[in-house]
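Listed here are the chains, written in short residue letters.
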Amino acid sequence: MAPPRSFLWTRRVFLTLLAGFVLLPVYVMISSSLKPLADVTGKFHWIPSELTFQPYIDIWSTVPLARYFVNSLIVASAAAVCSVVIAVFSAYAVSRYDFRGKRVFTVTVLSTQMFPGILFLLPLFLIYVNIGNATGIALFGSRGGLILTYLTFSLPFSIWMLIGYFDSVPRDLDEAALVDGCGPLGALFRVVVPAAIPGIVAVTVYAFMTAWGEVLFASVMTNDTTRTLAVGLQGYSTLYDVYWNQIMAASLVVSVPVVAGFLLLQRYLVAGLTAGAVK
Amino acid sequence: MTSTVELPVNKGESGETAARGPRRRAAGRIRRVGLPYLLLLPALILELLVHLVPMVIGIVMSFKELTQFYIRDWGAAPWAGLDNFRVSVDFDAPVGEALLHSFFVTIAFTLLSVGLCWLIGTTAAICMQDTFRGRGLLRALFLVPYALPVYAAVITWVFMFQHDNGLVNHVLHDQLGLTDKPSFWLIGDNSFIALLVVSVWKGWPFAFLIVMAGLQNIPRELYEAAALDGAGMWQQIRRITLPSLSAVNQVLILVLFLWTFNDFNTPYVLFGKSAPEAADLISVHIYQASFVTWNFGTGSAMSVLLLLFLLLVTGVYLALTSRGRRASRA
Numbered sequence: 365m366a367p368p369r370s371f372l373w374t375r376r377v378f379l380t381l382l383a384g385f386v387l388l389p390v391y392v393m394i395s396s397s398l399k400p401l402a403d404v405t406g407k408f409h410w411i412p413s414e415l416t417f418q419p420y421i422d423i424w425s426t427v428p429l430a431r432y433f434v435n436s437l438i439v440a441s442a443a444a445v446c447s448v449v450i451a452v453f454s455a456y457a458v459s460r461y462d463f464r465g466k467r468v469f470t471v472t473v474l475s476t477q478m479f480p481g482i483l484f485l486l487p488l489f490l491i492y493v494n495i496g497n498a499t500g501i502a503l504f505g506s507r508g509g510l511i512l513t514y515l516t517f518s519l520p521f522s523i524w525m526l527i528g529y530f531d532s533v534p535r536d537l538d539e540a541a542l543v544d545g546c547g548p549l550g551a552l553f554r555v556v557v558p559a560a561i562p563g564i565v566a567v568t569v570y571a572f573m574t575a576w577g578e579v580l581f582a583s584v585m586t587n588d589t590t591r592t593l594a595v596g597l598q599g600y601s602t603l604y605d606v607y608w609n610q611i612m613a614a615s616l617v618v619s620v621p622v623v624a625g626f627l628l629l630q631r632y633l634v635a636g637l638t639a640g641a642v643k
Numbered sequence: 009m010t011s012t013v014e015l016p017v018n019k020g021e022s023g024e025t026a027a028r029g030p031r032r033r034a035a036g037r038i039r040r041v042g043l044p045y046l047l048l049l050p051a052l053i054l055e056l057l058v059h060l061v062p063m064v065i066g067i068v069m070s071f072k073e074l075t076q077f078y079i080r081d082w083g084a085a086p087w088a089g090l091d092n093f094r095v096s097v098d099f100d101a102p103v104g105e106a107l108l109h110s111f112f113v114t115i116a117f118t119l120l121s122v123g124l125c126w127l128i129g130t131t132a133a134i135c136m137q138d139t140f141r142g143r144g145l146l147r148a149l150f151l152v153p154y155a156l157p158v159y160a161a162v163i164t165w166v167f168m169f170q171h172d173n174g175l176v177n178h179v180l181h182d183q184l185g186l187t188d189k190p191s192f193w194l195i196g197d198n199s200f201i202a203l204l205v206v207s208v209w210k211g212w213p214f215a216f217l218i219v220m221a222g223l224q225n226i227p228r229e230l231y232e233a234a235a236l237d238g239a240g241m242w243q244q245i246r247r248i249t250l251p252s253l254s255a256v257n258q259v260l261i262l263v264l265f266l267w268t269f270n271d272f273n274t275p276y277v278l279f280g281k282s283a284p285e286a287a288d289l290i291s292v293h294i295y296q297a298s299f300v301t302w303n304f305g306t307g308s309a310m311s312v313l314l315l316l317f318l319l320l321v322t323g324v325y326l327a328l329t330s331r332g333r334r335a336s337r338a
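Chains as they are written, first to last, in the numbering used here: chain A, 365 to 643; chain B, 9 to 338.
Please note that a few of the clues may not be correct.
Said to hold, decoys possible - Result set (EDC-like, lysine to aspartate or glutamate): computed pairs, CA atoms no more than 20 Å apart in a straight line:
no., chain 1, residue 1, chain 2, residue 2
1, A, K407, B, D188
2, A, K466, A, D531
3, B, K281, A, D588
4, A, K407, B, E232
5, A, K407, B, D197
6, A, K407, A, D531
7, B, K189, B, D172
8, B, K281, B, D197
To be verified - If you want the ones that stay clear, here's a sample from chain A, every Cβ over 10 Å from chain B, calculated:
no., residue
9, R375
10, A383
11, I421
12, R431
13, F433
14, V493
15, N494
16, G500
17, S506
18, G508
19, P534
20, E578
21, M612
22, Y632
Simulated from the structure, these hints should not be mistaken for laboratory data.
Bear in mind the structure is a predicted one, so any value in this text is a computation, not a measurement.
Each residue gets a CB set at the ideal place from its N, CA and C atoms; glycine is no exception.
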């Protein structure tokens with residue numbers, strides 16, 4: 365049955381307005397990144413007075429953007445890979461075995477996701493400072509320390525999402541492998557992991573994205589050399605000028621990799637994200 | 009919470025020792041029993057390290073007089089007993105009054121933001137339930153706010169909300185003439201509106217995603233049967249689509265609530281270290297109490313109170329919804 369005309373019209377109007385709302389900042393970001401400084405410091409114009417790629421050249425020298433980029437890349441990749449590798453084992457245990465404490469474990473993992481980061485930030489900050497004073501190991505301000513703090517959010521959701529993906533791999537597959545003489549780890553790495561590869565990649569990308577966009581820990585736990593993009597972009601506003609065109613150009617540059625990755629993998633990402641909520 | 013989580017580890021160890029017993033079959037079975045705990049071990053150690061130990065320390069900190077003088081050696085900070093909590097909940101004194109204000113702002117903001125995110129997300133998902141031309145493209149577009157790094161997206165909104173050179177004032181004042189003079193959006197009372205707009209822009213795609221997934225689980229036969237009975241499109245939405253989503257909505261709304269309530273990134277990028285009073289969300293408030301005024305003891309006490317509140321809300325919510333589910337089944 366075809367939907368009635370009233371529905372079609374409501375739908376058209378609503379979706380158009382919504383698309384406009386979503387696109388507005390994207391348009392501002394792109395168009396302003398192509399404007400000369402005089403154009404972004406004056407009144408806003410929908411159409412740039414003149415198109416220039418200069419902001420894309422200047423962003424690298426106004427602040428050490430390349431260094432921030434590398435820092436973000438290292439921290440986000442390490443946090444993503446660490447949490448997914450560790451999550452693979454525990455998600456396999458939860459998905460395939462019945463054991464006492466299973467419910468407690470899953471509830472704990474789920475509940476740590478609901479706590480605000482600020483709750484862990486204060487104690488971790490003090491622990492790092494004290495470890496530094498006692499042993500000379502600089503966790504505070506180091507990339508390693510930041511990676512560890514990122515596990516506070518990336519580990520629980522990696523475990524949670526991987527349980528969903530592993531549950532979707534038919535049990536018969538790895539049971540057959542066990543019968544054929546594989547050990548449990550053999551079954552995990554030869555059967556379950558290969559079958560869940562799209563899910564594992566998706567979880568890694570998702571963990572990477574979240575770490576790439578993290579602001580709270582990055583703003584406290586980094587120093588001049590380990591600063592990530594989240595904090596580094598603030599460098600484009602100086603006492604005298606705010607280089608809005610460069611801020612927009614830099615924002616676009618740091619967004620493109622994650623948005624592209626997300627859109628490419630969205631089908632798998634969405635499956636994992638929604639598994640917990642829908643089932 | 010600590011003791012319950014350590015339980016599996018102990019189990020795993022006992023499973024290991026027993027595995028050295030003489031009878032191989034029994035040993036094999038016990039090794040199978042111990043195996044899950046071995047697999048969990050790395051995650052358990054890390055959970056202990058990044059969640060449980062910091063949480064215990066956070067609770068201890070809340071009972072200490074922890075100012076900047078004791079940061080280098082917080083163990084040496086004098087005990088404060090319940091003083092930090094007393095200061096935090098003394099609503100007649102400045103610290104407690106500010107915390108209470110921040111709490112109410114956060115509640116109002118969260119309810120509005122979650123409500124709007126749910127409404128927009130659900131409407132969009134229902135609109136896109138059937139296939140039409142450009143649906144795939146639109147769906148990808150709708151995911152962009154969700155995929156963009158928070159600071160890049162929010163900083164663009166900061167630019168749009170600028171007093172002199174922002175798009176918002178340009179449109180509202182210069183082009184539509186809706187305001188007498190350009191408004192300030194990032195200071196004063198308007199900052200609440202600015203925060204809400206950004207939060208909804210960023211948050212509704214998540215609701216959209218989850219509701220879309222929920223819609224796929226509704227059997228088509230239900231709609232066909234309803235159509236045969238003469239139910240129109242609007243009636244189908246009201247009688248079939250919305251009721252079928254209730255289980256999905258329960259989880260969705262809880263998750264949205266917790267995320268919005270705990271959100272730090274959005275207000276911090278929008279306003280910086282000290283948010284305007286009208287948009288002083290609790291996480292930024294605690295951050296400011298701790299890292300700007302360097303009073304970690306009070307900051308920790310506020311964190312503990314926040315944690316208790318979140319546990320309470322989640323507990324009540326879960327009890328209400330599961331009771332609701334039981335009632336509807338009966």
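Check the structure against each numbered hint from earlier and tell me which ones fail, lowest number first. 4, 5, 6, 9, 10, 14, 15, 20, 21
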